[in-house]
Structure formats: C-alpha cells, structure tokens
Amino acid sequence: MSVPENNSKAISSPGPGIQDRAGLLSKLMIMPAIVYITAMIGFPFVIAILYSLSSVTTGDPEFHFVGLQNFKDILVDPVFRTSLKNTFFFALVSQTLVIILSRILATALMADFRCKWAVRFLVMLPWTAPISLGTIGWLWMFDSIFSPFDWILRRLGMLGAPGALLGEMQNLYWLGEPALAMTSVIMVHVWRLLPLATVIQLAGLSSIPRELLEAAEVDGARAWRKTFEITIPLTMPIISIAFLFGLVFTFTDMTVVYVLTRGGPVHMTQVLSTWTFFKGIEGGDLAQGAAVSLFLFPVLAGVAALMLRMARRTEVV
Amino acid sequence: MTSSRKILQKGALYMILSMFVIFSAFPFYWMIIATFKRDHDLFNPANNPFLFNEAPTMDHLRLLLFETHFLTYLTNTFLVGAAVVLITLSVAVPAAYSLARWARGWGEILGIGIFLTYLVPPTILFIPLARVASFLGLQESLWSLILIYPTFTIPFCTWLLMGFFKTIPKDIEEQAMVDGLSRLGAMVKVVLPLGISGILTVVVFAFTLSMHEFIYALTFISVSANKTVSIGVPTELVRGDVFQWGPLMAGALLASIPVAVVYTFFLDRFIAGFTMGAVK
Chain A
278 MSVPENNSKA ISSPGPGIQD RAGLLSKLMI MPAIVYITAM IGFPFVIAIL
328 YSLSSVTTGD PEFHFVGLQN FKDILVDPVF RTSLKNTFFF ALVSQTLVII
378 LSRILATALM ADFRCKWAVR FLVMLPWTAP ISLGTIGWLW MFDSIFSPFD
428 WILRRLGMLG APGALLGEMQ NLYWLGEPAL AMTSVIMVHV WRLLPLATVI
478 QLAGLSSIPR ELLEAAEVDG ARAWRKTFEI TIPLTMPIIS IAFLFGLVFT
528 FTDMTVVYVL TRGGPVHMTQ VLSTWTFFKG IEGGDLAQGA AVSLFLFPVL
578 AGVAALMLRM ARRTEVV
Chain B
-18 MTSSRKILQK GALYMILSMF VIFSAFPFYW MIIATFKRDH DLFNPANNPF
32 LFNEAPTMDH LRLLLFETHF LTYLTNTFLV GAAVVLITLS VAVPAAYSLA
82 RWARGWGEIL GIGIFLTYLV PPTILFIPLA RVASFLGLQE SLWSLILIYP
132 TFTIPFCTWL LMGFFKTIPK DIEEQAMVDG LSRLGAMVKV VLPLGISGIL
182 TVVVFAFTLS MHEFIYALTF ISVSANKTVS IGVPTELVRG DVFQWGPLMA
232 GALLASIPVA VVYTFFLDRF IAGFTMGAVK
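Residue numbers (my numbering), protein chains in the order written: chain A, 278 to 594; chain B, -18 to 261.
It should be emphasised that the hints constitute simulated quantities derived from the structure, not laboratory data.
Treat the hints with caution; some may be incorrect.
Claimed, not checked - In the PhoX-like style, the derived pairs of lysine-lysine whose C-alpha atoms are separated by at most 20 Å in a straight line are:
#, chain 1, residue 1, chain 2, residue 2
1, A, Lys393, B, Lys(-9)
2, B, Lys151, B, Lys170
3, A, Lys304, B, Lys147
4, B, Lys170, B, Lys147
5, A, Lys304, B, Lys151
6, B, Lys151, A, Lys503
7, A, Lys349, A, Lys362
From a predicted model like this one, the values you see are computed outputs, not experimental measurements.
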C-alpha cells in the first residue's frame, strides 16, 4: 500500500496546485459538512441546554438565567413523570417484541419460497411508508366505533353481548382506555420497527458460514440447538445493533403518540417527545420544553457509547 | 416419512409468513377499503368492514384530489425533497471522500463523530431550531425545511458514502493521476462514476427521509398551502373533530405506496450503512 502512496507524492510535488495538495483538499472538502453540522446541530444543541436553564417563552424571548429551576419544576410534575416512565416502557417493551419477532421473520425469509419479492415488499411497508401516514391507518383501525378488531370480537361473541368475555359494550374504545391505549402505541411501534430489525437480522443470518451449520448437522445437532448454540451467539453483535437502533427510534419518536392519542386519555400515553412539543411549542414554554427534551440525552449518549464499544470490538476481532 | 415432514415444514413456513404479511400490510389494505367504500357502507358498524357491501366509489378520491390541498402537499414534498437531495449531495460527497481517502487518526474520530450526530434526535433540536428559523424569517416557509432537513440526511449519508468510497481501490485513482489527471480530477472523473450506485442510494434516502419527516414540518409550518404530505394529510383532512376517513385513507395510501416501492429497492444498502462495522 505504501508504494502507490509514494508514487502520488512524487507526482504531486513538482506542481503543488490546489487540486493536487491532498492535505489542503481533504480539509476543504470536509469543511462544509463540519460547518453545517456545527451550525445546525451543535449550536442548537447548546441553545437547548441554555434554554433549559432560562425562563424563555415565546411571549418573552428575553434570556433570564434561572439555574435548575425548570428541572425542579418538571420533576414534580406528574405528567412529566408519566412521560418519562412511558418513554422507557414503550421503547423497551416494543423493542423486546421486535427482536423476538424479527428473528422469527428473518429465519422464515431465509427459506426458499415463491413470490419472495412480494412478501418482502409487503412486510417492509411499515418502514418504507411515511410513518405519520401509516399511523393514520392505525388510527382508523382503533376507531371507537368502527374498529375491525371490535367487529371480529363481536362476531366471535367475545364482545357486545350479555355475559360476553370482554363486556356488554359494543366497543372496547382502544384509544380511550389507558391500558388499551398503551397497548395500541406499543403495537404501532412494533409494526413500524419490525421491518428494520428483520433486514438487519437477515444480514446477520446470511453472514454465518454455511459450513458451520452443515458441520453441526453432521454432528447431529437439532434445529433448536443450532439456533441457540450457533446462530444466536454468532449474530449477537448484529442483534444488539438492531435493538439499539430500534431503541433510539422508539425512544425519540413523537409521531406515533402524537397522531394516535395526542398523549391521551388524560396524559396516560404521553412520552417525553410529545410532552416537549405540547409544553414547548403549543404551550409556548420554550425553557421547560427544552428541559423535558434533554432528559432523552443521557440514554442516547449511553446508546452511542455502547455502539462505539461494539464497533471497536468487531474491529479488533 | 421425510416427505410428510417436508410438507409440514413448508406448511409452517407459509403460515408464519402469512401471519407476518397480514400484520404488516393490513393497515394498507384497510386504507384501500376505506378509500373506495361509500360512506353509507363505511359508517355502518353492522356491515362487514373487510369487504365492499355496496358498490365501490371514486368519491373520496375525487374529493381528495380536487377539493383539498393534497396535490399542493405532494408538490411541496417533492420540492423540499429535491432541494434536500442537492444540498446533501454537495456536502456529503466531498466530506465522505475526504474521510475515506485521507483520514487517519483525527479523521477516523471525525467520521465516527459525524455518524453520532445522527443520534441527536429532532426531539431535542426542534425547539432551538424553531427559534433559528424564526430568527432567519423562515417560519411558515418551505425554506425552513430545506435548511433543516440536512441535519438528519448529511450525517447518515456521509457515513454511508464513506463506506462506498472505501470499497473503491486506491490504485484506480493513482493510475489516473499517473495518466495526467490532478488529484481532484481523479476524484471527479474516476471515483465519482464508480461510486454512482452509492450516490444513487444517497439520493433515494435523502428524498425518502425528508418525505417521512414529521416533527419539524409540524413545528414550523401551519399554513395549509405550505404543508408537506406527511403533516398535511393527518392535520388538514380533519375538520374540527370530524375525521373524513375516506379521503384521509386515500391520501395516506396515495402518498405511501410510491415512496415505499422506491425505498424497497434500496433497503439493503440502507441497512448496510447501519450495520457497517458490525458485520464483516
């Protein structure tokens, strides 16, 4: 590798025009990205922190330093506590389900069958279609009167008849009952992130050397032993990647809850991101909104650190 | 014995696959039904909701296309997407090339740093960015989205392209330089054409990610005529508390399917970008 390196130097040394000076060029070419990221991500991030320490509102944009007052106010707010709890609950439950389901789906997709492209297109739809529009479809499915789930349950005699298992009412009111509303939110998150995790797991499964599985088969290993002693341990790094990305996406997502429940009924499905929006944008309290959103940061930093550690470990191997 | 076992296995496979297909695709089937169903049929809880009990109708589609801003939302989405693609390419291509070719030490750290900024979510940035947009006088304007959407396209696309450029052997450029091209000329005339599939991937992602975006659009834009599809459909087709389910579902369907088709072709590359480093 060092030979062509010297070669290029030899050629560029006689006429060091700008288009030949690698050191300068490399800096010039990366500069726009650094400037943009600093201005549009770094700078706003610092503003978010400053806002959280101030009393800025949309009505009174002047900066007054108030220390940790916003955080003190937030921590005693019951809605904030519900949001914090829900954010973790939704992300962890949905991603655990996603990992299990995506493993099953990825294994099934490894097999040979007809119309694979059509199956693939259909199971990928929740990820490839815009999230707010997919969620609107679910909103109609959870309708308080016309929900197809309710219709099936009524047909099965489990709902809407005297003495029926789920009650005499004609409907379950999916988004009106706190427990059902939370289930609905988790369902949509699972639906949305299953395709992403599946494709990631597929990449992992197809990276396992065929000889290894064949050798295990020759040794008489059964299917479940192959799964638990070969494929799962070997694909663990990639399972973690799928889990971490899914966690980040559900943890920071606002669209699902905003479109589905707006945090209702009475804030029971509120999450940090929607609460940031309702407080900071609709309520105009920029300072408290910023403070709420910053509670996402420690978890994201943790995830980032984990990813880096994994990336480094795989590089060493 | 073995053949019956094979049939059993095949049966199990098809059952699992159909369950997943139903789970994933049912909301879209549900949209199709609502799009073409007469209101009289749609809003009768006794009717079978999965089938057409009365003849299908084009009324909802007509209402969506000619009596709402739906076509304007599509145009806006397209304009924003195209502009974001251009900005993303002009920033991410040189940055990725620089990181792939010349980065040692600090460059490696810089590359990882750029990728990590992808993890800083819109949820943290939208409040300060709303102030930035209003400071620049861009509130209610599509320009605010064009300026801000690269915050999520540039980091990811730079990372993705970096991987692509690394797979192009250095010798090719060096040969071109021996043949008399400058360093920059070698990049533009030799490397870019070879990296065209990576660049195409980035075009698709920058476009689909801007089309999917919800929070920034919701925060910055409230004027109906300036909305994009992802916020226009969920916010404008509801009059007061009345959801116009037919047109609403028609809008969701029409806007989802084309982008889903394009995205599907590039999904594997997108995932390759995610998992780079984890699989070898």
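Taking the hints in turn, this is what the structure says about them:
Our distance criterion of 20 Å between C-alpha atoms is met by Lys393/A and Lys(-9)/B, whose separation comes to about 14 Å. Proximity of Lys151/B to Lys170/B is assessed by CA-CA distance (about 14 Å); at most 20 Å being required, the pair is judged to hold. Between the alpha carbons of Lys304/A and Lys147/B the distance comes to roughly 18 Å, so the proposed pair stays at or under 20 Å and holds. Restraint check for Lys170/B and Lys147/B: satisfied, since their Cα atoms lie roughly 17 Å apart, inside the 20 Å limit.
Between Lys304/A and Lys151/B the alpha-carbon distance is near 19 Å, which keeps this suggested pair within the 20 Å criterion. At most 20 Å may separate the alpha-carbon atoms for a hinted pair to count; Lys151/B and Lys503/A exceed this at roughly 41 Å. A hinted pair counts as satisfied when its Cα atoms are at most 20 Å apart, and Lys349/A with Lys362/A qualifies at roughly 17 Å.
Of the numbered hints given earlier, the model fails hint 6 alone.
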